[in-house]
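*Asks:* The lines below spell out each chain.
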Amino acid sequence: MAIESKTISLEVPVHGESPLKQMLGIIARDPLSLLSTVIIILFILMAIFAYQIAPYPEEGAGKTHATNTMLVPSQEHWLGTDRFGRDVLSRVIVGSRSALIVPIGVVVFAILIGAPLGAIAGYNGGWIDEVIMRVTDLFLAFPFLLLAMAITAALGRGLNHAALAMIISWWPWYTRLVRGVTISLKQRAFVEAARAVGVRDSVIILRHILPNIISPILVQATVDLGTVILAMGGLAFIGLGTQPPKPDWGLMISDGRSYILKQWWLSTFPGLAIFIVVLAFNLIGDTLRDIFDPRQYQ
Amino acid sequence: MRKLEFLIRRLLTSFLVLIGVSIITFALARIVPSNPAALYIGPRARPEDIERVSRELGLDKPITVQYIRYMKDVLHGDLGNSIATKRPVRQEISGRFPATLELLFTAMLLAVVIGVPLGVISAQWQGKWVDVIVRTSSIFGVSMPAFWLGLLVQIIFFRSLGWLPLSGRVDSDLRFTNPIEIITNFYLLDTILTHNWIAFKDVALHLVLPAFTLAAYPIGLIARMTRAAMIEVMGQDYIRSARAYGLPNRLIIYALALKNAIGPTLTVIGLTVAYSLTGAFFVEVIYNWPGLGLFTVHSLLNIDYPAIMGITLFGATGYIFINLIVDILQAWIDPRISLN
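Protein chains in written order, with numbering that gives the first Met the number 0: chain A, 0 to 297; chain B, 0 to 339.
Note that these hints are calculated values from the structure, not bench results. Keep in mind that the hints are not guaranteed to be accurate.
Calculated from the model, a selection of chain B residues having no Cβ within reach of chain A, i.e. all distances over 12 Å [to be verified]:
1) L3
2) R8
3) E55
4) L74
5) L108
6) L109
7) I120
8) Q123
9) A145
10) G167
11) S171
12) A203
13) I238
14) A241
15) R242
Cβ-to-Cβ under 8 Å is the rule here; a few derived chain B residues that face chain A [said to hold, decoys possible]:
16) V20
17) F139
18) P144
19) I155
20) T311
Stretch-level coverage of chain A by chain B, calculated; a stretch enters the list once three of its residues show a Cβ under 8 Å from a Cβ in chain B [unchecked claim]:
21) 133 to 142
22) 148 to 155
23) 221 to 235
24) 239 to 252
25) 257 to 266
26) 272 to 278
For glycine and all other residues, C-beta sits at the position ideal for the given N, C-alpha and C.
Just need the whole structure built from these sequences, with the hints factored in.
*Replies:* In structure tokens form, the structure reads like this:
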């Protein structure tokens with residue numbers, strides 16, 4: 000990337016705040032990011048306590064209700080009901096588990112696979128680096144959503160397979176990022192000093208490299224989460240992800256699609272949920288990236 | 000000389016990546032599924048069919064032999080037959096791709112024509128309310144799921160306002176009144192070439208909503224990238240000197256600064272073209288657009304395996320090709336960065 004952004008490094012000084020604390024400080028100073036964080040925390044709490052919060056938890060899980068079909072939003076059903084008489088609000092609440100929590104899990108697993116490989120490649124260099132990086136090149140040569148779709152098709156559709164497919168298509172980004180950070184850290188004085196006095200590689204990686212990798216990964220993960228939520232929503236939308244009768248925002252948009260001209264609430268509300276969550280992640284990511292841009296390492 | 004060297008090296012790596020991509024696709028087609036032959040026949044496979052296809056695919060042979068056979072077929076343009084339509088996958092792709100390409104081109108044109116000026120204006124008024132509006136709306140643009148935005152604009156522009164058609168590429172009545180003569184399969188171009196203005200207007204109207212839906216994400220991304228690049232360039236010495244010489248502001252921004260900001264923007268445009276290729280899948284589903292995306296989604300849902308694998312290989316090849324072009328263009332525009 001040609002742009003040298005004016006960014007400060009978030010690396011851990013010898014006596015200083017932890018990177019997490021620094022990031023939280025950055026977020027706390029920006030009202031929009033703070034609001035976004037609150038929204039995301041609320042959504043995550045909603046997903047965790049979905050069955051306690053949902054007004055009609057059984058309908059949220061898929062139980063049909065033949066007499067209440069296609070009701071407009073009202074006091075009993077704030078967001079209306081669908082063609083099986085199920086409460087849309089309950090389904091949006093329960094659906095947050097597959098639409099929000101699963102993408103977060105996807106990013107976590109992609110980091111757990113990608114980051115160590117990147118650290119190994121960057122720290123060792125040589126043929127190990129070459130092999131690992133050429134493999135990431137192959138995965139990144141596909142449009143990632145297309146690769147995820149093809150893998151899901153090969154494994155068979157369903158939420159678990161879609162999540163696995165996303166992890167397989169997404170980990171190389173973290174390998175690239177962590178490799179870049181590791182290489183730049185390796186040349187730093189404090190790492191060279193540690194190596195010069197004979198500190199073991201494993202200790203150097205754990206004590207000196209790892210703490211400095213965490214913040215770029217966290218920033219990148221925040222930026223990525225919006226994309227991954229959109230992608231998994233897309234997989235659910237075309238029918239490869241969550242299978243009915245279980246709820247998922249993408250799936251609900253797709254279900255309501257045939258009725259948008261009359262029963263507009265069916266697709267509108269789950270879509271709004273995706274939009275709000277993705278917007279919140281992007282707003283935080285934007286603020287963090289202004290101050291620390293992980294792309295400078297790629 | 001270094002340019003030529005760069006070109007050759009870049010072509011060579013692209014070629015190697017293509018081979019790797021073909022191996023991954025092959026693995027997805029033959030190794031990951033427990034019974035590839037059954038997948039190749041589809042849901043109603045009889046045992047004798049499975050045995051026949053196993054033989055045809057050479058599933059009894061060693062994996063390397065299978066791969067070589069697979070590549071031989073692919074290089075001869077044989078991607079197998081679609082289960083759903085029984086026609087060669089290659090024909091299905093080449094028949095539908097123009098519709099997708101027309102949508103993609105229009106969307107990218109919109110994205111550049113809207114996104115770049117927005118980024119420039121935003122940079123010019125950095126920190127002012129114009130900037131705030133542009134930045135906020137570009138974040139809105141990249142946060143909006145295309146498969147939801149599409150539905151919203153259908154509700155607004157079809158149901159409430161009645162300004163634009165709901166879906167499809169062209170009005171079905173037109174087939175009888177003003178049939179489109181197919182020359183390039185780009186309907187806009189074909190109707191212009193045949194002076195079929197009534198059909199042209201209809202085709203253009205049908206393009207508006209899908210193109211804007213697809214363009215929302217790239218507009219946001221390009222505007223952000225252009226803004227960042229412009230701010231970077233505007234802070235440089237030669238711009239300050241130009242200002243000191245009293246050159247008009249418009250000349251400085253559009254002639255001096257934008258020229259140097261366009262490099263990074265170009266990379267983003269290349270990336271978004273590739274991203275929009277899959278974005279077009281959702282847009283095509285929503286607007287019932289008869290392109291490759293609609294076919295892909297049908298193939299995915301019907302587990303039309305030969306079609307899925309053919310499209311994956313095709314999509315990845317296109318993606319590699321776009322990246323190659325972007326790299327070469329960048330090296331050509333700004334030799335400092337890419338030649339190393």
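*Asks:* Run the C-beta distances from L108(B) to all of chain A and say if the shortest one exceeds 12 Å.
*Replies:* holds (20 Å)
*Asks:* Using C-beta distances, would you say chain B covers the region 257 to 266 of chain A, given that this needs three or more residues below 8 Å?
*Replies:* holds (count 4)
*Asks:* Quick check for students: does the CB of Q123(B) sit more than 12 Å from each CB in chain A?
*Replies:* holds (18 Å)
*Asks:* Take the shortest C-beta to C-beta distance between F139(B) and chain A; is it under 8 Å?
*Replies:* Hint holds; F139(B) Cβ to chain A Cβ min 7 Å, cut 8 Å.
*Asks:* Go through the hint on P144(B) and say holds or violated, using the shortest Cβ distance to chain A against 8 Å.
*Replies:* With a closest approach of 5 Å, the P144(B) hint holds.
*Asks:* Per the CB criterion, is V20(B) less than 8 Å away from chain A?
*Replies:* Holds, because the Cβ-Cβ distance from V20(B) to chain A comes to roughly 5 Å (cut-off 8 Å).
*Asks:* Under a C-beta cut-off of less than 8 Å, do 3 or more residues of the region 272 to 278 of chain A approach chain B closely enough to confirm the stated coverage?
*Replies:* holds (count 4)
*Asks:* Could you check that no beta carbon of chain A comes within 12 Å of the beta carbon of A203(B)?
*Replies:* holds (23 Å)
*Asks:* Can we trust that L74(B) is non-interface, i.e. its beta-carbon lies farther than 12 Å from all of chain A?
*Replies:* holds (18 Å)
*Asks:* Beyond 12 Å on every Cβ pair: is that true for A241(B) relative to chain A?
*Replies:* Non-interface label stands for A241(B): nearest chain A Cβ at 20 Å, farther than 12 Å.
*Asks:* In terms of beta carbon proximity below 8 Å, does the region 221 to 235 of chain A have 3 or more residues touching chain B?
*Replies:* It holds: at least three residues are needed, and the region 221 to 235 of chain A offers 4 whose Cβ sits within less than 8 Å of chain B.
*Asks:* Is the shortest C-beta separation between T311(B) and chain A less than 8 Å?
*Replies:* Because about 4 Å separates T311(B) from the closest Cβ in chain A, which is inside the 8 Å limit, the hint holds.
Of the numbered hints stated above, those contradicted by the structure are hints 9, 19, listed in ascending order.
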